[in-house]
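Undergrad: Listed here are the chains, written in short residue letters.
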Amino acid sequence: MELQKFTYDNKITRLFMNATILWGIVGMLVGLTIALELVFPLMSGGISWLSFGRLRPLHTNAVIFAFVGNGLFTGIYYSAPRLLKTPMFSELLGKIHFWGWQLIIVAAALTLPFGFTVGKEYAELEWPIDIAIALIWVVFGINLIMTTVKRRTKHIYVAIWFYIATFVTVAVLHIVNSINIPVSLLKSYPIYAGVQDALVQWWYGHNAVAFFLTTPYLGMMYYFIPKAANRPVYSYKLSIIHFWALIFLYIWAGPHHLLYTALPDWAQALGVVFSVMLIAPSWGGMINGLLTLRGAWDKVRESPVLKMFVVAVTAYGMSTFEGPLLSLKSVNAISHFTDWTIAHVHIGALGWNGMMTFGMLYWLFPRIYKTQLFSTKLANIHFWLATTGMLFFAIPLYFAGFAQSLMWKEFTADGYLKYPNFIETVTQVIPMYGIRILGGTLYITGVIIMIFNLIKTANAGTFVATEDDEAPALESHASVIDKGHRTLEGKPLLFTLLALAAILIGGIIEFVPMFMVKSNIPTISSVKPYTPLELEGRDIYIREGCYNCHSQMIRPFRSEVERYGDYTKAGETVYDHPFQFGSKRTGPDLAREGVKTGPLYKPNSWHYNHFFSPQKLVAESIMPPFPWLIANELDYSKISKKISVMQTLGVPYPEGYANQAKDELLKQANEIAQGLRNEGIDVTDTKEVIALIAYIQRLGTDIHRTDGSSAFTNK
Amino acid sequence: MNTENNTSKSNTPEYEIDTLTNTRLIKDHEYDGIKELDNDLPPWWKWLFILTIVFAVVYLVRLFVFQSDDLIQNSEYKAEMANFKPKEAIPFEVILLTDEISLAAGKETWTKICSVCHLMDGGGLVGPNMTDKYWIHGNKVNDLFNTVTTGYPDKGMISYKEQLSPKQRLEVTSYILTKIQGTTPITPKAPQGDLYE
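Line order of the protein sequences matches chains A and B. Residue 211 in my numbering is what sits at position 211 of the first sequence, and the numbering runs on without skipping anything. Residue 129 in my numbering is what sits at position 129 of the second sequence, and the numbering runs on without skipping anything.
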């Protein structure tokens, strides 16, 4: 057999590797900042771009797409060529991919803190950045798929299967969830509304976890664990079954983020059962990772790389057991909207993604710098800091979530809520937030030690820009005859198509009835579109990231109906582009905040004072002050355009309404401001806070409107 | 079992064995030095998978075919609400409480609920000043109790009938009249309503 010579490019691996480290520390420090803000709410000092609601999306996006994103590209650009015995298809595409992705991250960092957001979790980036993501992702996909086409091995290894699934699914998820109609360069509205938007969003959100944080890292696990331990993979059969089961089942599970919401029962049920069925396929990955180390446990004791991999895979096993558990409605009734979810995702992020990444970096650096790791001892210290940091992070939050949820649900013997004021349940968990900061600090300290260690390693060695290898050409394997799944492993393009088919089925079966069958969202005739001022206020609500701490979804439980008012109906959300159900209640639910006969109602002057200084009214409040809302003039120059975009999306404003929108807006603003002035508050009509108050006071009121009047004529 | 079958089908009977675990390696499976073992699916894993699939089928059949009440959230909600007795509507005598225990309980309610609008020292901000002698809805214990009970939602004062028991409402009313009235707040709000001497 004639051997062909070729080289692997380590330069691109190094670029992605350095980016992983850089964005990793940035993303984690932003996380630490917002964790501190929960304990010291005045910390943001009245600076808008430092407030929790603006920074929390930056944290999640940075950790997911910048840290883990660059991490998975590092793993793929290093392992895929070696597994396929060919260089990556195109160095140029690789460079475009790398720099394009970094520019996207910079664009995110320059928009999110300044309030440019779509308002959908982990899909906050505005439409021009969304388009850039789609393009760069396709560049990555072409580079990956063409590398499999140009391969010299007959078959593609399980790691490559996972990389392919990652590419096709993330492309589908991102594009479908990000279809927005622009109002301006940095403002757009999603085409979906309310419960439908929620279904699409959590199909995306859940599968971002599945196909961005999980499948590529499983692929990396299949490469780096056998390499680092120098052991064969435990079971090829298990690889096949768990791969296909995982990607097919995962895509259905999104509705488990919407249990007990206004999503129809059938969709919730699909979310429950597909989540439960995911335990075994997920654990298949864990088994294949851990049992690959059989016969090498002595090495695990000595190697920080393997130790990190073991903790990573164990954390993966824990969170994929916990996930299905949290998807049971009875458990979710307790866990949802609490810090339990935050603990759960951080077992995944700090444990699985973090530890896999660190292990990979400790393994890669000495190889591409052709030297020994500077200090195994420091790497071991990092391992212990990361492991204990993770526990100090998660355990207090489990406790906080559980304790707070029980307080929300507790009734006195007389049938009254034991803790009617939400703040009591908050002050109870603040000490836990304190311990979480300690955990995060330990974890970040470990990362800083790692950076020092890796820089020292790089300085001690010499960078190996390219590595030579040789292998016989693909054609030389032509005589090999395959059976069953092995045939498919020899046809990467067919494999890609089948993976695509597997991940499309679940989404289609859930979406089609949700969008086509009217009974899923029963119409409520008194529900009307927002007034122009309310719409502007809603955009401010989204801009400030209020949804990061406040839900707008009252679940059908006695405790929530008592606390917040009647539970939310699907028909009430039909004009919400985007939906704002939220996923966490750091503050109370706001779905019926505006209902005057409701338990939460506060007059306009209260809201005005509260936005200016929450602590003035609720001494122990952890909401940051929003002085800029009081100071800023409302920019209503785009209101006509906004109304027309809403009309395009099917919101039934009367014909020609866009032209009167400005007058209506000013009229309503004047009424609210006049009311405040009567209370002795010195305010002009067109401050941002006026619009936000208008929106807040509209929340949840439509089904209480009995006089049949339209929202357009002010009462 | 499967490995046996594979052996008989294969042309080359000789298998490489992983000596550390004494397990068969699959022939020709090698990627960048990574080999694969011919281990079967662990039986417990298989059963776990089958069990979850059975769970899923039973769950979906119960919902779609039998429409079980515990899987339909409106029915669940109705069942939950039917299970508890409505709040007491017993006649209640509204007379000023002066014992320290009641006033301490009243203070607790004041701190948790009322201070959010009337401020902790009663000086008023969004809600009126409770320290002065000016009252919008009367200064008798009955007047105040009724205000707390029914509220004046149009003015921003909500009804606390559903959130506070009659006892709690009376306690806080008494607390206001005995402990807040006549004190000097840090930033008193201008008087509202009529003067009651």
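These are computed hints drawn from the structure, not numbers from a lab. Just so it is clear, the structure is predicted and the values come from calculations on it, not from any experiment. Keep in mind that a hint or two might mislead.
As the list claims (entries may be wrong) - Here are some, though not all, of the chain A residues that point toward chain B, as calculated from beta-carbon distances under 8 Å:
hint	residue
1	Ala132
2	Leu135
3	Val139
4	Pro226
5	Tyr260
6	Leu290
7	Leu293
8	Pro420
9	Lys569
10	Gly571
11	Tyr575
12	Lys602
Note that beta-carbon positions come from the ideal geometry of N, C-alpha and C, so glycine has one too.
Undergrad: Take the hints in turn and mark each one as holding or not.
TA: Each hint, compared with the structure:
1. With 8 Å as the threshold, the beta carbon of Ala132 (chain A) stays out of range of chain B, its nearest partner Cβ sitting at about 33 Å, so the hint is violated.
2. A distance limit of 8 Å between C-beta atoms decides the matter here; for Leu135 (chain A) the minimum to chain B is near 31 Å, and the interface restraint is violated.
3. Annotation: interface hint on Val139 (chain A) violated; nearest CB of chain B at approximately 25 Å, more than 8 Å.
4. With its C-beta approaching chain B no nearer than about 4 Å, Pro226 (chain A) sits inside the 8 Å limit, and its interface hint holds.
5. A cut of 8 Å between beta carbons decides the hint on Tyr260 (chain A): the least distance to chain B is about 6 Å, and the hint holds.
6. Against a cut-off of 8 Å between C-beta atoms, the interface hint on Leu290 (chain A) is violated, since the closest Cβ of chain B lies about 11 Å away.
7. Because the smallest distance between the Cβ of Leu293 (chain A) and any Cβ of chain B comes to about 10 Å, over 8 Å, the interface hint for this residue is violated.
8. Residue-level restraint check for Pro420 (chain A) holds (minimum Cβ-Cβ distance to chain B is 5 Å; threshold 8 Å).
9. Taking 8 Å as the C-beta contact cut-off toward chain B, the hint placing Lys569 (chain A) at the interface is violated, the least distance being around 10 Å.
10. Because the closest C-beta pair between Gly571 (chain A) and chain B is about 14 Å apart, greater than 8 Å, the hint is violated.
11. Contact between Tyr575 (chain A) and chain B, as hinted, is not supported at the beta carbon level, the nearest pair being about 23 Å apart and thus beyond 8 Å.
12. A least Cβ separation of about 7 Å between Lys602 (chain A) and chain B falls short of the 8 Å threshold, and the interface hint therefore holds.
When held up to the earlier numbered hints, the structure conflicts with 1, 2, 3, 6, 7, 9, 10, 11 and fits the remainder.
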